[in-house]
Each structure stands twice: as structure tokens, then as C-alpha cells.
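Can you build the whole structure from these sequences, using the hints too?
Chains as they are written, first to last, in our numbering: chain G, 4 to 90; chain E, 25 to 439.
Since the hints were made in silico from the structure, they are not lab data.
All figures in this text were calculated on a predicted structure; none of them were measured in a lab.
Keeping only pairs whose Cα atoms sit at most 27 angstroms apart, straight-line, the calculated DSSO-like set for lysine-lysine is:
1) E:Lys43 with E:Lys30
2) E:Lys330 with E:Lys249
3) G:Lys13 with E:Lys185
4) E:Lys340 with E:Lys372
5) G:Lys59 with E:Lys202
6) E:Lys185 with E:Lys263
7) E:Lys350 with E:Lys418
8) E:Lys43 with E:Lys365
9) G:Lys63 with E:Lys202
10) E:Lys74 with E:Lys365
11) G:Lys22 with E:Lys202
12) E:Lys185 with G:Lys68
13) E:Lys73 with E:Lys43
14) E:Lys231 with G:Lys22
15) G:Lys22 with E:Lys185
16) G:Lys68 with E:Lys202
17) E:Lys221 with E:Lys350
18) E:Lys185 with E:Lys221
19) G:Lys61 with E:Lys202
20) E:Lys125 with E:Lys263
21) E:Lys125 with E:Lys94
22) E:Lys221 with G:Lys22
23) E:Lys430 with E:Lys340
24) E:Lys330 with E:Lys316
25) E:Lys221 with E:Lys202
26) G:Lys59 with E:Lys185
27) E:Lys350 with E:Lys365
28) E:Lys202 with E:Lys185
29) E:Lys49 with E:Lys365
30) E:Lys340 with E:Lys330
31) E:Lys350 with G:Lys22
32) E:Lys372 with E:Lys73
33) E:Lys372 with E:Lys49
34) G:Lys22 with E:Lys430
35) G:Lys13 with G:Lys63
Taking CB as the label site, the calculated pair distances span:
36) E:His55 with G:Glu72: 44 to 52 angstroms
37) E:Asn44 with G:Asn8: 42 to 50 angstroms
38) E:Asp172 with G:Asp35: 28 to 36 angstroms
39) E:Glu193 with G:Asn8: 28 to 36 angstroms
40) E:Asn259 with G:Asn78: 42 to 50 angstroms
Cβ coordinates follow ideal geometry from the N, Cα and C atoms, glycine included.
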Amino acid sequence: MEENNLNEMKELIRNYVIKEYIDDDDTTITDDTPLISSGYVDSFSMVSLLVFLENKFKIKIPPSKATPEAFDSVNNIVALVNQYLNK
Amino acid sequence: MSYSEKTKDLYLSQLADIKNAGIFKEERFIHSSQAADIEVEFPSGSDLKKVINMCSNNYLGLSSHPEVIKAAHDGLESRGYGMSSVRFICGTQDIHRELEKRVTEFLGTEDTILFPSCMDANAGVFEAILTSEDIMISDRLVHASIIDGMRLCSAQHDTFKHSSMEHLEEKLLLHSNKRLKLVITDGVFSMDGDTAKLDEMVRLCEKYDALLLVDDSHATGFIGKTGRGTHELCNVMGKIDIITTTFGKALGGASGGCVSGRREIVEMCRQKARPYLFSNTIAPVIVSGVLKVFDILSASTERRDKLEKNAAFWRKGLTEAGFILKEGNTPIVPVMLFNAKLSQDFSKELFNEGIYAIGFFFPVVPNGQARIRTQISAGHERHHLGAALEKFIKVGKKLGVPGLTKEQIIEKFGL
Numbered sequence: 004m005e006e007n008n009l010n011e012m013k014e015l016i017r018n019y020v021i022k023e024y025i026d027d028d029d030t031t032i033t034d035d036t037p038l039i040s041s042g043y044v045d046s047f048s049m050v051s052l053l054v055f056l057e058n059k060f061k062i063k064i065p066p067s068k069a070t071p072e073a074f075d076s077v078n079n080i081v082a083l084v085n086q087y088l089n090k
Numbered sequence: 025m026s027y028s029e030k031t032k033d034l035y036l037s038q039l040a041d042i043k044n045a046g047i048f049k050e051e052r053f054i055h056s057s058q059a060a061d062i063e064v065e066f067p068s069g070s071d072l073k074k075v076i077n078m079c080s081n082n083y084l085g086l087s088s089h090p091e092v093i094k095a096a097h098d099g100l101e102s103r104g105y106g107m108s109s110v111r112f113i114c115g116t117q118d119i120h121r122e123l124e125k126r127v128t129e130f131l132g133t134e135d136t137i138l139f140p141s142c143m144d145a146n147a148g149v150f151e152a153i154l155t156s157e158d159i160m161i162s163d164r165l166v167h168a169s170i171i172d173g174m175r176l177c178s179a180q181h182d183t184f185k186h187s188s189m190e191h192l193e194e195k196l197l198l199h200s201n202k203r204l205k206l207v208i209t210d211g212v213f214s215m216d217g218d219t220a221k222l223d224e225m226v227r228l229c230e231k232y233d234a235l236l237l238v239d240d241s242h243a244t245g246f247i248g249k250t251g252r253g254t255h256e257l258c259n260v261m262g263k264i265d266i267i268t269t270t271f272g273k274a275l276g277g278a279s280g281g282c283v284s285g286r287r288e289i290v291e292m293c294r295q296k297a298r299p300y301l302f303s304n305t306i307a308p309v310i311v312s313g314v315l316k317v318f319d320i321l322s323a324s325t326e327r328r329d330k331l332e333k334n335a336a337f338w339r340k341g342l343t344e345a346g347f348i349l350k351e352g353n354t355p356i357v358p359v360m361l362f363n364a365k366l367s368q369d370f371s372k373e374l375f376n377e378g379i380y381a382i383g384f385f386f387p388v389v390p391n392g393q394a395r396i397r398t399q400i401s402a403g404h405e406r407h408h409l410g411a412a413l414e415k416f417i418k419v420g421k422k423l424g425v426p427g428l429t430k431e432q433i434i435e436k437f438g439l
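Below you can see the structure in the form of C-alpha cells.
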């Protein structure tokens, strides 16, 4: 994937995560920030993120792959999306 | 023997981790009945200390009420100690059904089923009424027992930002294709003491054809004009599909809980809820006590009225003294300290001064939101609250807290 596209994807995902899950304005989310293991996103709320990714990137992620580990950082999410974008 | 040194070391190491993280919980032994004045042994082995209890769920002061104790004695005499059976074999007495009817009448619902606790009610209800074709949409601050219950259920789950009706509406739209949608909230949120916007939630649930479940454990008996709960406060009596609540807080404080609501949903719980099917229900002695509690509450609103006045007095006093409180209109009054260590130091100093109130910090509350959670009771007299206020101010001044803004506290003590 070209770098521009990759950065654009990261930004889209990061912005969604911030809008959907982060209430505190003081919190900074980087592409490596642990989202689930550090409590920013609880595992019960992952379904919204899954639906967002599937709609935005026109992909289908099998439930078995939508794990807390796969969703634990913006970088992990990008890697997951890329697996299915390339199929 | 299978409990090897290796296994033992594993647990010792995990316990050490909990201690090192500063979240090791220690019980304080109370040598008296539950009340505003209690005698506490803490740490274990210390001399007894007389303290004012500012952290119990004894909202209506009924935990040690003489009429409730007498009714429990009478129930023990007439119906015995235990049932030695689950409900549907030979564990249901006339008084169990009588209590279910009394709860139904009090909450203004269609039917009720008792559970050994509200934790069990929440553990059983979701799995009994939903399948993988359905969705549960919960407020992000619901009680741990609801989270556990949702984990046991095959329906999908999603959350909405705390009390954000815009976000809830987005989620209802997002999941509009599901067979059943169940919106889930606490009536009163136990850590913040704020109330759910049940009127708006009912409107949204009606608009999007969703069911609504409210855990009213911190409300039943005292919230609303006649104490029916958050649905009375929000003028939506009869419009909540499912209410779960407890007898372990305001309603005598012993134990037990229930699911109350639509007749068919309650019947589904009777057929399928596992904590109901595979555990004895509430002991007769407790059922008898709770029935008396409902007699007391139905005869007069005196206790909930006193509680409301006590809570208003306490809030006003702390605010005027310069403490930062979480906004709310319930007897749960959190004094915000933000810093975890400060909350522990504050609690310790209060205890030394004869005031029993606990400091909460992450992960029980969000990081940077440490606090002393105070809970007011109708069992408190003005002299209790006056003394507690005086000690809060004394400890606050010693630690240099009153009058500071959130930013100033964080700057002084860190996050």
C-alpha cells in the first residue's frame, strides 16, 4: 500500500476511535497506544468499530479475527484491514 | 496432592502483583449492627473504634429496624430457616410468591421473579430472553454484574457513551436490523450518583422499537416522590420493560434481588434463567423481613423524605466548604480528589477522626477520577452529618484540598 493511502487510513481509524471512545480531551492517541488493554476501548464496544471498518473499507472481517488483540492499536487495526483489503 | 509448590507460587505471585498495584482489598470487621454508628476493628486485631458510617447502602436506615428484625424472627419461627431446594422442585413458599406480588405492586410492573441476589438477576436475565439474533446496547458505566450477565449471553453487545442520548440513538440506528434490541442502563449510577435519563430513553426505545432494562439497585425505595425508583422520578412508571433491583441495599440490606417487568419476560426467566433454576432462592427469614420493609414504605414516605433532606444538607455543606462534588441529586455524594494516593490518605485520616468513608480509584473508577464516595442514610441524624462535615473540613485543610479547582489539585498532587 502506498504511504499516502496508509497514512490516510490510519488517520481515518484514529479519528473514529477518538470520536467514538475517547471522552477526555486531554487524552492523546498515537498509532501504537494500546486501546483495549489500557482500558480506552472496552471489548464490549468493539462491534461499532468492526461495523465502521467493514462499511468504510467494503470488507468483511470474520468474527474469529475481530479479537481484542487485533483491535488493540491503530497499527494493529490497519494491519487487520489490510489483510482483507488485499483479498 | 495436586496443590504443588509451583501452583502455590503462581497464586502468591499474583497476590503480590495485586498488592504492588495498590489495589489489594482488606475487610474491616464491624462488631455491631449496621447503622450510622458502628464499631470497627481495623486493621485486623486492633482495638475497636467507634466511627460514623458514611459508606453503606443502608439508604433508608432499615438494616437494623426493630420492626424488620421482629418480622424476620416471626418468619424464622413460622417458615423455618432454609428451603433445601430450588424454587421449581420444593423451594417455593407462599411468602415467596407474596413478595413477588408486593414488588410488582410497588414498582408498578406486571410480574416479578426473585433471585438470590441482584447480581444473579443480572447474570440470568439476558441469556434467558435474548439469542444471537439480538443486540444489547448498554451505557458505558453500567454495574459489573450487568457486564457479567452480558458476557453469559450469546446476543451481540455494543455500548453508548455515558448518558449520551445522541450516541444511543446512533447505536439504535446502527443495529436497526437486529431481531430484538435491548437498551441497558443503571437507574442511579453507583460511583457517580447521577441518574439515567429514563424519559428520553423510553422515547428513543419507543421510536426504534427497542426494549429497556434498568438496574435500579441504588434507587428502589427512595428515588422518586414515593420511592418507587428512577422510573417514578422520570415519570415513566409502567414504561420500563425490565427492572432489576436488590433487597441488599435500601430494602433492609440483607440479600436477594429480582427481575420485575413484562409478564412474558418474567415467565421466560422462570423457565430459563440459570441462577433461578440452579440455586436456592432467598431464605424465608429474609423474605419475611423484606415484606415488612414494604409495609413500612407503603405506609409513609417519611424515611425517603428524611433521606432527601439529609443528602441536600450534606451536599450543601461540602460544597460551601470548598470541596468538588460530582453533580447529582441522590444520596451518593462523591467528593472528587482525582489523585489515587490522596483519596487513600484522605480516607485514612478520616478514619482516624472517627469517620468511615472509602476512597475509590482506578480501575474501580476511571483513571484520574479518584474520590471519596459518601453515601447518606435516613439513619443519619443531623449530629452525625454535622460531625462528619467538621471532620471532612479538618482533614481537607490538613491535606490542603478545599477551595482548590480540579486543575489545582492535579497540579499539587499529580494524577
